[in-house]
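For the protein sequence lines, the chains are A and B, in the order given. The first sequence runs contiguously to residue 511 in my numbering. The second sequence runs contiguously to residue 456 in my numbering.
Be a bit skeptical, because a hint or two may be false.
What the hints assert, rightly or not - In the EDC-like style, the derived pairs of lysine to aspartate or glutamate whose C-alpha atoms are separated by at most 16 Å in a straight line are: (1) K391/B <-> E442/A; (2) K392/B <-> E371/B; (3) K392/B <-> E381/A; (4) K235/B <-> D431/A; (5) K164/B <-> E438/A; (6) K164/B <-> D431/A; (7) K166/B <-> E381/A; (8) K391/B <-> E415/B; (9) K112/B <-> D431/A.
The hints are simulated quantities; they were obtained by calculation from the structure and are not laboratory data. Note that the structure is predicted; figures quoted are calculated from it, not measured.
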Amino acid sequence: MSFKEISHTADVKIQVCAPTLESLFSETCNALMQVMYGPVRKGIVKKEIAITSTDTESLLLEFLSEVLFVSEVEGIVFSDARVRIDGLNLHAELAGEPFDRDRHALGTEVKGISYSGLSIRQDANGYMVDIIFDV
Amino acid sequence: MRVPGRFFLSESLEKILEPGAVQQLANVATLPGIIKNSLAMPDIHWGYGFPIGGVAAFDLTEGVISPGGVGFDINCGVRLLATPLAQKDVAGRKDLIETLFHAVPTGVGAKSAQKVTGHVLEQMMVKGARWAVDAGLGEENDLLRCEEGGYMKEANIKEVSSKAKQRGIPQGGTLGSGNHFLELQVVREIYDENSAKAFGLYQDQVCCMIHCGSRGLGHQTCTDHIRILEGAVKKYQIKLPDRQLACAPISSPEGEAYFGAMAASANYAWANRQLITHTTRNVLKKMFGTGYEEMPLVYDVAHNVAKIEEHIVFGRKERVCVHRKGATRSFGPHAPDIPPELSSIGQPVIIPGSMGTSSFVLRGTQGAMEQTFGSTCHGAGRVMSRTQAKKRLSGKDVAARLALQGILVKAPNEAAIADEAPEVYKPSEDVVRVVHDAGLSLLVARLDPLGVIKG
């Protein structure tokens, strides 16, 4: 697991580290799904998402907001996200399974992804982000 | 900072004040058109955008409106339903808690038992709780006992995206998860006999408290409009310390669009709480033979909302935009929008505790009108993070401990119980004592939990 929860009083704050920007996005998506549904997931349903935004932080926020929307409306619990980023354009191939109350009711509903403190940083080891999910 | 921050705290609550919350209160004080103070209620804690427990009023000409001052869960709020039952009727009744848990859809992925069409959804967004009452899912008197009569007239459904509508359709009458709950409580102590009687409360009476909001429809509306307002921040050259405070002048097209969509989402939340009320009444009717007229609504308050209200500002009556994020309206005697029979008392203020601690009913005051734009606290306020709660506490142990105290808990999973254990919150008594002593609202009654369903 390359993400961890950081103490935040009201909400869920996640710190993700990854070698590439694409894997950072993918892991943050994975963290979102884990917070909402717990760890038990398979990848039998496919879904594609395309996003264009104004900066990298917004690209991440809008990607996760779209995942949240699709997951809720279509009832899919995603297990994997293959992300391609070209400038400020994102294309993601997601894999998941239909929501099953017996197996996936292990987490907390995420209401939204917050801009508060959202900053993607890069150093010699790769990329890192702290992000707050409102629960 | 354009105005000073002002905290309402006790010495013990000051000791647990987080630097992150103070910073967020300071951030609010930098927003254009803020009037008098950036205000912190005693349950203030670190959130995103505004702190939770934050109140700020803005000038309608110079000021801004921000989704960061309302939150993702637009019109998250709480209502209290009276019953004619006594503690002995419901104490230890696992079957009652189980029945309520299965009747009210709760937790992640829960879908509505109601058939909501596109037309019905529109009615929910336009008419709020009024829609439910017109559809036979409530009593006319319920509307009199709702803030705003159960709906904001400024709703503009054209500003609610199709994505938000798609999320709203399957979730009417669902509770949600996190800190949302439905709780059976008993009135344990009365502090103010006259007000309690007017509110319809008496010693040893069983009540039902419902805490939830606008579900995915409101969450999506917040997400959509923050994106639009990000553009407005550039257009109107507003400098922000936090992107989550994205905002626009109240009278700008972007500001008006958010306000209309927010009001529509707030109405959906009132309709939602009305649906849950109807489901609860049906369960109690079936199990105890209680008539609907014997289960009147005490009151319903919003605690995440922005409203245009009239207040005295530096000696003059002015219309301002009040943002309450994790704060409750506390209008005093003879203020507008109070049920006529309660006009001399002030509006009922409902403050939930945690699942092991007391909740309180208070009444609004002139002191709140003068000091906080008619606002008070909204709950106990978290003190322990969810990460710490999960590490330190087991949901099973918490439920067992509460059972020994006579409190039954039912949730979709054990983590949800640990997440919301009594010790993760500030003592609710400490918080309401501060607002009582500061005159922001006055104690009327204390209610203790008997049975809780968590989302």
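Each hint tested on the structure:
no., hint, in the structure
1, K391/B <-> E442/A, "28 Å, violated"
2, K392/B <-> E371/B, "43 Å, violated"
3, K392/B <-> E381/A, "11 Å, holds"
4, K235/B <-> D431/A, "14 Å, holds"
5, K164/B <-> E438/A, "14 Å, holds"
6, K164/B <-> D431/A, "23 Å, violated"
7, K166/B <-> E381/A, "32 Å, violated"
8, K391/B <-> E415/B, "10 Å, holds"
9, K112/B <-> D431/A, "35 Å, violated"
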